[in-house]
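Model the placement of chain D on the given structure of chain L, informed by the hints.
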Amino acid sequence: MEIIEKEQDGVWIFKLNGRLDSKTSPEFEQKIADAMGKGSKNMIVNFEDLDYISSAGLRVILKATKDLKRSEGKFVLCSMKDYVKEVFEISGFDSFLPIVPTMADALQKI
Amino acid sequence: MVVAAIQFRLRNQLSEIRRLEENVDGFCSGLGLTKKCFCEINLVLEELFTNIVSYGYRDDAEHWVQFALAYEDETITLRIEDDGMPFNPVEALEPDVSCALEERRIGGLGIHLIKKIMDDIIYRRCGDKNILTLKKVLPAN
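Taken in sequence, the protein lines are chains L and D.
Residue numbers for the first sequence follow this note's numbering, beginning at 1 and rising by one.
Residue numbers for the second sequence follow this note's numbering, beginning at 1001 and rising by one.
These are calculated hints, taken from the structure and not from any lab test.
Backbone N, C-alpha and C define an ideal beta-carbon position, used for all residues, glycine too.
Keep in mind that the hints are not guaranteed to be accurate.
[Said to hold, decoys possible] Derived CB-CB ranges, DEER-like:
id, chain 1, residue 1, chain 2, residue 2, range
1, L, E7, D, K1135, 41 to 51 Å
2, L, A33, D, R1125, 37 to 47 Å
3, D, P1086, L, L107, 45 to 55 Å
4, D, P1086, L, K41, 19 to 29 Å
[What the hints assert, rightly or not] Calculated pairs, DSBU-like style, for lysine-lysine (alpha carbon to alpha carbon, straight line, at most 30 Å):
id, chain 1, residue 1, chain 2, residue 2
5, D, K1115, L, K63
6, D, K1129, L, K85
7, L, K85, L, K41
[What the hints assert, rightly or not] To give a feel for the contact side, a few chain D residues facing chain L, derived at Cβ under 10 Å:
id, residue
8, K1036
9, L1043
10, E1047
11, Y1055
12, K1116
Excised from the complex, chain L in its bound form (with noise of 0.2 Å):
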């Protein structure tokens, strides 16, 4: 998986390119440990190359959502294919976490 970054107007922004599954999600994890030690607060997740999502990805997801939380920052999720969409409805992520359509979107609510 390829994992593009780039800060922009305070906003860390990730874009996620492949799987997120449990051999790429540890990466991804270190990559937002590492901008909130930057001082982030506040990150985008654009999804729309995002082919494929396994449980260790919800995972990483879920703690950047807690630790964001904790320091009063904000998380908001982009762009993501139908289905990539459904698993988090599934799972039940999009009653506490943010995902719209596109990245304006994003920016517009972070």
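What follows is chain D alone, placed relative to chain L:
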């Protein structure tokens, strides 16, 4: 009509989740099933496997968890067999409604996730084994 079946077994360690993903991936792509289907089947099996590994055993011994995946008549059948303590996830994993969703850990996403994805779930205790059989009807490709 496509008929396919695979069987494999994993040790009772969370690190085996990687091999679980590989086996499910092979099975689903071999049948040309959608990524959505792969995602859902994998989540269900990961959830159940995590619970077996985390709660199924009182000893430190190595145990095997047996998996069988089959596809016939547009239905996917998953079968998980373990020799852990009697454990019926259908009854045991009811969501804790007093606990906010975000407080639940993975492997605590709960039976509601599995019930939403699968159409049929049957638990049997046979001798010293837990046998869980799950079915999902897929639309024809």
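These are the hints, each one checked on the structure:
1. L:E7 / D:K1135: 41 to 51 Å: Holds - the Cβ-Cβ distance for E7 (chain L) and K1135 (chain D), about 47 Å, lies within 41 to 51 Å.
2. L:A33 / D:R1125: 37 to 47 Å: holds, 42 Å
3. D:P1086 / L:L107: 45 to 55 Å: holds, 51 Å
4. D:P1086 / L:K41: 19 to 29 Å: For P1086 (chain D) and K41 (chain L) the Cβ distance comes to about 46 Å; the hint is violated.
5. D:K1115 / L:K63: holds, 24 Å
6. D:K1129 / L:K85: Not OK: K1129 (chain D) and K85 (chain L) at ~36 Å, beyond 30 Å, violated.
7. L:K85 / L:K41: The given pair, whose Cα atoms are some 24 Å apart, holds under the 30 Å limit.
8. K1036: holds, 3 Å
9. L1043: The hint holds - L1043 (chain D) has a Cβ within 10 Å of chain L, the shortest such distance being about 6 Å.
10. E1047: holds, 6 Å
11. Y1055: violated, 16 Å
12. K1116: Where the cut-off is 10 Å and the nearest Cβ of chain L is about 5 Å from K1116 (chain D), the hint holds.
The structure fails hints 4, 6, 11 (numbered hints given earlier, in ascending order).
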